[in-house]
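**Q** What follows is each chain in one-letter form.
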Amino acid sequence: MVRLVDLVRLLNGDPSGDLNTPIYGAASLADATGGDITFAAEAKYFEQVQATQAAAIIVPRDFPELKIPAIRVSAPRLAWAKVLEVFAPEECIPLGIHQTAWVGADTLMGKDVSVQAHAYIGERVKLGDRVVVHPGAYIGDDVEIGADTVIYANVVIRERVRIGCRCILHPGVVLGSDGFGFVTTSQGHYKVPHIGTVLVEDDVEIGANTTVDRGTTGVTRIGRGTKIDNLVQVGHNVQIGCNCLIVAFVGIAGSSVLQDGVTMAGQSGVAGHLTIGENSVVMSRGLVAGDMPARSVVSGFPARPHTENMRILAEERRLPVLRKTVNAMQKQLDKALTDSENTASDVRQLEERLASLERAIDRKGNLAGREGI
Amino acid sequence: MVRLVDLVRLLNGDPSGDLNTPIYGAASLADATGGDITFAAEAKYFEQVQATQAAAIIVPRDFPELKIPAIRVSAPRLAWAKVLEVFAPEECIPLGIHQTAWVGADTLMGKDVSVQAHAYIGERVKLGDRVVVHPGAYIGDDVEIGADTVIYANVVIRERVRIGCRCILHPGVVLGSDGFGFVTTSQGHYKVPHIGTVLVEDDVEIGANTTVDRGTTGVTRIGRGTKIDNLVQVGHNVQIGCNCLIVAFVGIAGSSVLQDGVTMAGQSGVAGHLTIGENSVVMSRGLVAGDMPARSVVSGFPARPHTENMRILAEERRLPVLRKTVNAMQKQLDKALTDSENTASDVRQLEERLASLERAIDRKGNLAGREGI
Amino acid sequence: MVRLVDLVRLLNGDPSGDLNTPIYGAASLADATGGDITFAAEAKYFEQVQATQAAAIIVPRDFPELKIPAIRVSAPRLAWAKVLEVFAPEECIPLGIHQTAWVGADTLMGKDVSVQAHAYIGERVKLGDRVVVHPGAYIGDDVEIGADTVIYANVVIRERVRIGCRCILHPGVVLGSDGFGFVTTSQGHYKVPHIGTVLVEDDVEIGANTTVDRGTTGVTRIGRGTKIDNLVQVGHNVQIGCNCLIVAFVGIAGSSVLQDGVTMAGQSGVAGHLTIGENSVVMSRGLVAGDMPARSVVSGFPARPHTENMRILAEERRLPVLRKTVNAMQKQLDKALTDSENTASDVRQLEERLASLERAIDRKGNLAGREGI
Chain V
19 MVRLVDLVRL LNGDPSGDLN TPIYGAASLA DATGGDITFA AEAKYFEQVQ ATQAAAIIVP
79 RDFPELKIPA IRVSAPRLAW AKVLEVFAPE ECIPLGIHQT AWVGADTLMG KDVSVQAHAY
139 IGERVKLGDR VVVHPGAYIG DDVEIGADTV IYANVVIRER VRIGCRCILH PGVVLGSDGF
199 GFVTTSQGHY KVPHIGTVLV EDDVEIGANT TVDRGTTGVT RIGRGTKIDN LVQVGHNVQI
259 GCNCLIVAFV GIAGSSVLQD GVTMAGQSGV AGHLTIGENS VVMSRGLVAG DMPARSVVSG
319 FPARPHTENM RILAEERRLP VLRKTVNAMQ KQLDKALTDS ENTASDVRQL EERLASLERA
379 IDRKGNLAGR EGI
Chain X
19 MVRLVDLVRL LNGDPSGDLN TPIYGAASLA DATGGDITFA AEAKYFEQVQ ATQAAAIIVP
79 RDFPELKIPA IRVSAPRLAW AKVLEVFAPE ECIPLGIHQT AWVGADTLMG KDVSVQAHAY
139 IGERVKLGDR VVVHPGAYIG DDVEIGADTV IYANVVIRER VRIGCRCILH PGVVLGSDGF
199 GFVTTSQGHY KVPHIGTVLV EDDVEIGANT TVDRGTTGVT RIGRGTKIDN LVQVGHNVQI
259 GCNCLIVAFV GIAGSSVLQD GVTMAGQSGV AGHLTIGENS VVMSRGLVAG DMPARSVVSG
319 FPARPHTENM RILAEERRLP VLRKTVNAMQ KQLDKALTDS ENTASDVRQL EERLASLERA
379 IDRKGNLAGR EGI
Chain B
19 MVRLVDLVRL LNGDPSGDLN TPIYGAASLA DATGGDITFA AEAKYFEQVQ ATQAAAIIVP
79 RDFPELKIPA IRVSAPRLAW AKVLEVFAPE ECIPLGIHQT AWVGADTLMG KDVSVQAHAY
139 IGERVKLGDR VVVHPGAYIG DDVEIGADTV IYANVVIRER VRIGCRCILH PGVVLGSDGF
199 GFVTTSQGHY KVPHIGTVLV EDDVEIGANT TVDRGTTGVT RIGRGTKIDN LVQVGHNVQI
259 GCNCLIVAFV GIAGSSVLQD GVTMAGQSGV AGHLTIGENS VVMSRGLVAG DMPARSVVSG
319 FPARPHTENM RILAEERRLP VLRKTVNAMQ KQLDKALTDS ENTASDVRQL EERLASLERA
379 IDRKGNLAGR EGI
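Residue numbers (the numbering used here), protein chains in the order written: chain V, 19 to 391; chain X, 19 to 391; chain B, 19 to 391.
Hints were generated in silico from the structure; no laboratory data involved. Some hints could be false.
Identical chains blur together in the list; that is why a pair holds if it fits in one copy or across any two.
Simulated pairs of lysine-lysine, DSBU-like, Cα-Cα distance not exceeding 35 Å [as the list claims (entries may be wrong)]:
no. : residue 1 : residue 2
1   : LYS209    : LYS129
2   : LYS62     : LYS353
3   : LYS209    : LYS85
4   : LYS100    : LYS62
5   : LYS62     : LYS85
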């Protein structure tokens, strides 16, 4: 339990209501009960805020007035993350090497390392201070892992992979599997050995069951601060820059480059040997099939500027109407052509009649100076 | 070995042929040999049925007459599932805790539990009667698992997750990994702690290497009787109702709601914070980008009513023809405009000639009462 | 270290430069330094070749003249694969059964088998000569694995699966999980037992975290020499022929058939119960929704001949322009119709005036033989 005042100090926020309000937990607007604190990131949630059972709330500084105790902050989402840290259930990390773990020869371990049940550590592995290796994880020979990195259960890190500090590898992640490289011959697909490795820089998070292949030669690199979701595939020799966000089911084919700050939304992809410029965004399902300049925002198949793609999608939706329009126009056009022909024919007849009339009158010799009119 | 009569009784079916026919196994129409029983779900398989080597067959009640012994039933697919149960190879489940398994303190185990080799059970875990934990599976602290649930090899269930009775978690499933939640600041992506959990209700089946993230706060819920295929991603705080069917490579983004009976076909997806109404169907590759009412049937990107999408796809296929039509129309139109101009010009000339003629006649003074005609 | 001459002999190539050049490693054009050999598969890399720091290079026979020692070969990619084999770091495979591994009764092991830490081998398993089972892998009862096959860490192979010789299963692969088969009844989805198995033939490679379901009855088959990438889903009773290539995120639904030599590119898929003819190619994201003849090359949703799909995609991109064209045509058409009506009206007036004139003249009796003109 904390008091509201403790959170006010933590968040450097602007309080209203009873500073002594006891807070026992954190929950969403809908789920919060009695002793919970909750949060609303934007004014549009005002209705739900009125209905919440929470004891207190975190809101943006310009949020309308509230009946319950509140903390007004400049960055409510960031404040909420910090409140969740306060209420996160304490984890009990057993220090040392579990009796059922296996640790190979010549391994170097930092202070307060945790190697848990059935974990496997190969030979010549280096684990930094406070590294946690959860049960069933596999760390191959010559792997290096920086301080404060957490390896969850059943992760597989193959030989020679290097991982930075403060990384989080969620359960089932595979780092350093062979790339998908073959030379097709008349005898079948000849395997290209993958003698490179994977380099994961500091502060990277990789989601459950995501796979990262090692380089054919050289490294597959995941840059500092990049966050990868579950079930993502990173091909051999891919170079991902810093602070990228890669969402579930993204496939990045071999040797492609994501510069810093690129976002790839769910189920999107990029073909091989391409470059996506910094701070670009590939929307959901976008399939990048050519190089993209910095700050591109693309979607569709193949990916094109998002606004252009939206226009094309809108036109697609209107295709049945367009076809009707064209069909109707065809009918009008046919009518116009028929009418025009009929009219032309009428005109020809008139001309004949007129010419006949002119000749008739001319022939009578009754008219004079007609050309001069 | 069973006799045909045994299966007739099991299925409450209508037999024809020798009731004493011995049945040694079950196989498909094409694969069945000597002692096998096979099945045909519909009359359209009649040709293959004629060619089968099977000793007997299960068919719908209205199937044409057959030469081999048969059992006619109202629901042949369900009958077939029950026959397969009869011929399923017996599994030998070793009861008790394997000598290489690790079980934490204060764990509560029901009757006839099986905890197999290298399995890891955390502290304060509750396992119901007859729960089976296959080799290498990881069950975190404070997890609760209901009776008769089967956890296959190398599954990872993180702390505090709750699972109902009669569930099946296939190999490599990850339940309770952190959701993909970050607050982007000028210093990088700040991790949002995920202090919630996952709730899997009774009779749920989850396919190999599927991942289900825990709630930020509260739970990610998978409702009773829902079946999930391999390699599916369920985001944090997703709420899946009862009896849903979710096929491989489906991605369900954070906080979305699938009401009861929703089907999501292969490689489809739903964006975050949306609701799909009960008994809706998202066809293969459909990407749901807005709320959907109950009993929707949608497909496409973004997902729209399936019939509309089919019409749009058909129009897309006809686009090259449409363009040709439009180009031809443009030519016709150009011609029509030219013709029309020419005709108008002809008409103007005629008018001039006519006017001249009228004036000429008028000027002669030969006409009388012309206005009166 | 090797000498250039050693590689010349290995590759049966045509050398230039100092045959005694020492080679210490292999690296890409961009990464190669001092003692490395590198390679250029095509003449288009000539610029990068000029800039490389490599000590020597492998190039096609017709490559332009070079300053550094070179080996000219007919198949540079294949040569490169063989060079990488030379420089692959030596792997140390511990023979025998690790003290923490578990091996069930009645298992038959060939010569020089390696069963590593925390591996699990069920009962009646057969492992061929030199099979390697890495840490944490699970091999179920009655599984058979051919000589020289490598099973990486945390792979799960369920009971009765059969695997050929020289296969490679990357970390996290799941073979033999139940297929996604249910009979929907008023009480919910009734599970169809999967009593079949999986057959993996010789020389197959399967990527990390890929899943292959067992047959309902009979087998799910992966043919000799087929290579499968990471995170692929192969449904129950799928039949994959020989020498296929299946890239990441491909989904192959139940009972579909890929004949020999089929390539499925990334994120593509095939619906159930279909056949893709031999040597066909499904391009990235293609979704096969009908049978495909041999040597098809298809893309799109639903998949159609690639050239047709490219034309349709091109038309889609031009839709906004097409709409503008149609809108402009509509205006022109409206104008044409109005003009045509006006002209027709003018013609009618002229006709009246002309008729009046004709009548007037007629009535005067001044004309003779008019019809004869």
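**Q** Look at each hint and say if it fits the structure.
**A** How the hints compare with the structure:
1. LYS209 - LYS129: Answer is between: at 25 Å across copies they meet the 35 Å cutoff, but 41 Å inside does not.
2. LYS62 - LYS353: Neither. Shortest intra-copy (56 Å) and inter-copy (50 Å) distances fail the 35 Å Cα cut-off.
3. LYS209 - LYS85: between (68 Å within a copy, 30 Å between copies)
4. LYS100 - LYS62: within (22 Å within a copy, 53 Å between copies)
5. LYS62 - LYS85: Answer is within: at 17 Å inside a copy they meet the 35 Å cutoff, but 68 Å across does not.
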